[in-house]
Each structure stands twice: as C-alpha cells, then as structure tokens.
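Colleague: Whenever a hint applies, use it, and build me the whole structure from the sequences.
Residue numbers for the sequence shown, in the numbering used here: 1 to 338.
Treat the hints as calculated values from the structure; they're not laboratory data. Predicted model, so just to flag it, every value in this text is computed and none were measured. The C-beta atom is built at its ideal place from N, Cα and C for all residues, glycine as well. Certain hints may be false.
Claimed, not checked - What follows is a list of derived Cβ distance ranges for each label pair:
1. Asn120 - Lys255: 15 to 25 Å
2. Ser23 - Leu220: 44 to 54 Å
3. Ala211 - Ser284: 32 to 42 Å
4. Pro318 - Ser205: 11 to 21 Å
5. Ala211 - Lys59: 17 to 27 Å
6. Ser21 - Asn136: 26 to 36 Å
Stated by the list, open to error - Cut-off 30 Å, straight-line C-alpha distance, at most; resulting in silico cross-link-like pairs (DSS-like, lysine-lysine):
7. Lys297 - Lys268
8. Lys112 - Lys325
9. Lys56 - Lys285
10. Lys121 - Lys37
11. Lys285 - Lys274
12. Lys226 - Lys198
13. Lys165 - Lys274
14. Lys274 - Lys198
15. Lys186 - Lys198
16. Lys56 - Lys7
17. Lys198 - Lys61
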Amino acid sequence: MKYNGEKFRARLYDGNSFMISISSPPHEEGGEGFIYKFQHPKYGALVLKLYISEEKAQKNKEKIQFLVNNQIRSEYDYIRYCWPIGVVTNCANNFFCGFIMQAAFEGSRDLKILDTYYLNKTIQDIFPDEHRGWYNRYELNTECGLRNRYVILLRWALALHNLHKNGLYVLGDIKPDNVLATSDGKISIIDIDSMQVKTGKLFYSSSAHTAEYCPPEVLLHIERIKTIHPSYDYFSMGVSFYSILTGTHPYANTKILPPFDKKDTYNKISDKIKAGLYLRGKNSKFVQTIEPYNLHKNFDILPRQIRILLDRSLSHSPIDRPTTKDWCITLNEVLNGI
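Modeller: See the structure below:
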C-alpha cells in the first residue's frame, strides 16, 4: 500500500487530534510500513508510521491503542521513549492505518557506532561522515572513551529498567541497532510497538527477534515460543554490552574446536549461542581465541564487577542472569570509582 496525497487524522492520548497530509516519499521504508518525520507546533518533532497493508494494521490496532493509553515517561531528561502517542486513521474510510510517536533526540544515531570496531582504526576512520562529537570521546582503547561508554550503557540500562519495572513489557529485540544516542549521551529507545505486552488476560506478542541476540532457550524452541520472559532482555543486554565494551560479539571471532567444528554446523552466531559456545562458559574448552586479532582480550581489562555481570548474562541459566537493576547499580559503582 502506497500513501501519496492522502489525508489522515491523528488522535492523541490527551484527547486532541490533528490532520496530516502526505505529499512526499517516506523518510524510511521497512518490512512493516513507512516512516514519515515532521514537526508539530505543539508536540515538537514527531514520527508517523503507516502500516504497509490493511492486514498488518488490523493485526496491530489493539496493541497500539493500549500503548497510546498507557504512556511511560522518562524521569531523566537524557532518556526518551519513542512511544506511540496517537492512533492514525485514513480520512477517506476512517480505518486505522498507523500511529504517531515522539521522535528521538535531535542528532541521534544508532549505537552501531560503538558496536563496530577494527584494530588500529578510530571511530573517525570507520565513520568519517558522522557528527564530530563522536570523535575522540568514545575510543575503546582510552580511559576517557571507556568511561563514556559506561555512561551510555548506564543510561540504556536505566531506560530498560524503567520499562521493565511495572511487569507489562518485554522488549524482545534489544541490540545496538535499536537504541539511538546523541554524541553527548542522550538515549532514545525505539521499536516500542514491536515489544511484548502482557497484563492479566491481555497479551500482545513481541513481533521482532534478532537471532544473534536471542538467548539459547528461545533459539532452541523458536517455533513454539509465544511468551518471552524478561530474562530474554537480560541476555540481549549482555550481548550488546559485551560488544560495546570489547569490540566484538561474545560469540564471534573465535575458533571452534572438535567435536563442535563440523562443517556448516556452528558457522552462525545463533548456532554457537544454542550450543553454549561462549569463551568463558560451560563449553569454553571447545572455544579458542584467534591470535593476533583477539578482541576478546579487551574483556580482561574491564572492572571485575562488570566482567562478572557479563559472564552471568552469557553463561548462566535464565534465572541467574543480571537484571536491568543489577546493571544500573554496578555501572553506577564503576563510574563513581573512576
């Protein structure tokens, strides 16, 4: 379904409404729909998401209405949730077709900028066209850069803790691509509409998963999994935090030893996660670092309490994984001790 020259009405959580006219191509186009960015005189920078089909829209209608009616706000001025704040209907037929959400902080980009690392390369080398505020501030091999990464991760953990604490929501697709940040450390959580919502008899499943960030208990039964536990998010956090603090995915850049080295069996990261082939996990004797390009050695210079949380995230059972609160406490301690 293409939208051009059509008019829509947005009905917001506060009872107000306004008209939107589409007269230009979308800023982004994805598997679920089209993204348009615009400025509203009262509500500021907003994003309009229009579903790609009527079927997709109807499938998400009740969930979006629930999210609009149950706003979560951040108590910190450096954390923002790109939360649905209004449902959108087509003026031609009054059918639900999408929603309005708050835009991320101006100047934001995803955290792949901290997740992407090459030996002897700076952030400026890898991202030469990025905002210069990222340069020299977040280098992995400097004390200043590592400290600023802790700040980013603390704010990310705070945002997730606030989201988890009422027990209604599990994000289900936590990864560096799905959090936006400014070079001075403001955090925006996106893809709110795809998370799991569960309260009483009401249940809306998570609609997005990325295999490289899925915990083993989910990957092993992915076809049957309907409900996900917060421990799913704890595992995904551990993978993301490990990548940002070492320069490599915890299950990547390793050599797999017999009997797990069979051709085409454990080539994918998701296969290694399912088999528990983590460098410091129960099957560590079957995993070997690759010299001289061993990025995992960056783990060894991290503060002990952070190393403990990373190992608990990646090598323990779901009930033993550190929570968002555990991460907030530990990162605060580390930053106060620097």
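Colleague: All the hints need checking, so say for each whether the structure fits it.
Modeller: Hint by hint, here is what the structure shows:
{"no.": "1", "hint": "Asn120 - Lys255: 15 to 25 Å", "verdict": "22 Å, holds"}
{"no.": "2", "hint": "Ser23 - Leu220: 44 to 54 Å", "verdict": "49 Å, holds"}
{"no.": "3", "hint": "Ala211 - Ser284: 32 to 42 Å", "verdict": "22 Å, violated"}
{"no.": "4", "hint": "Pro318 - Ser205: 11 to 21 Å", "verdict": "18 Å, holds"}
{"no.": "5", "hint": "Ala211 - Lys59: 17 to 27 Å", "verdict": "23 Å, holds"}
{"no.": "6", "hint": "Ser21 - Asn136: 26 to 36 Å", "verdict": "44 Å, violated"}
{"no.": "7", "hint": "Lys297 - Lys268", "verdict": "22 Å, holds"}
{"no.": "8", "hint": "Lys112 - Lys325", "verdict": "24 Å, holds"}
{"no.": "9", "hint": "Lys56 - Lys285", "verdict": "46 Å, violated"}
{"no.": "10", "hint": "Lys121 - Lys37", "verdict": "34 Å, violated"}
{"no.": "11", "hint": "Lys285 - Lys274", "verdict": "16 Å, holds"}
{"no.": "12", "hint": "Lys226 - Lys198", "verdict": "11 Å, holds"}
{"no.": "13", "hint": "Lys165 - Lys274", "verdict": "28 Å, holds"}
{"no.": "14", "hint": "Lys274 - Lys198", "verdict": "26 Å, holds"}
{"no.": "15", "hint": "Lys186 - Lys198", "verdict": "28 Å, holds"}
{"no.": "16", "hint": "Lys56 - Lys7", "verdict": "19 Å, holds"}
{"no.": "17", "hint": "Lys198 - Lys61", "verdict": "16 Å, holds"}
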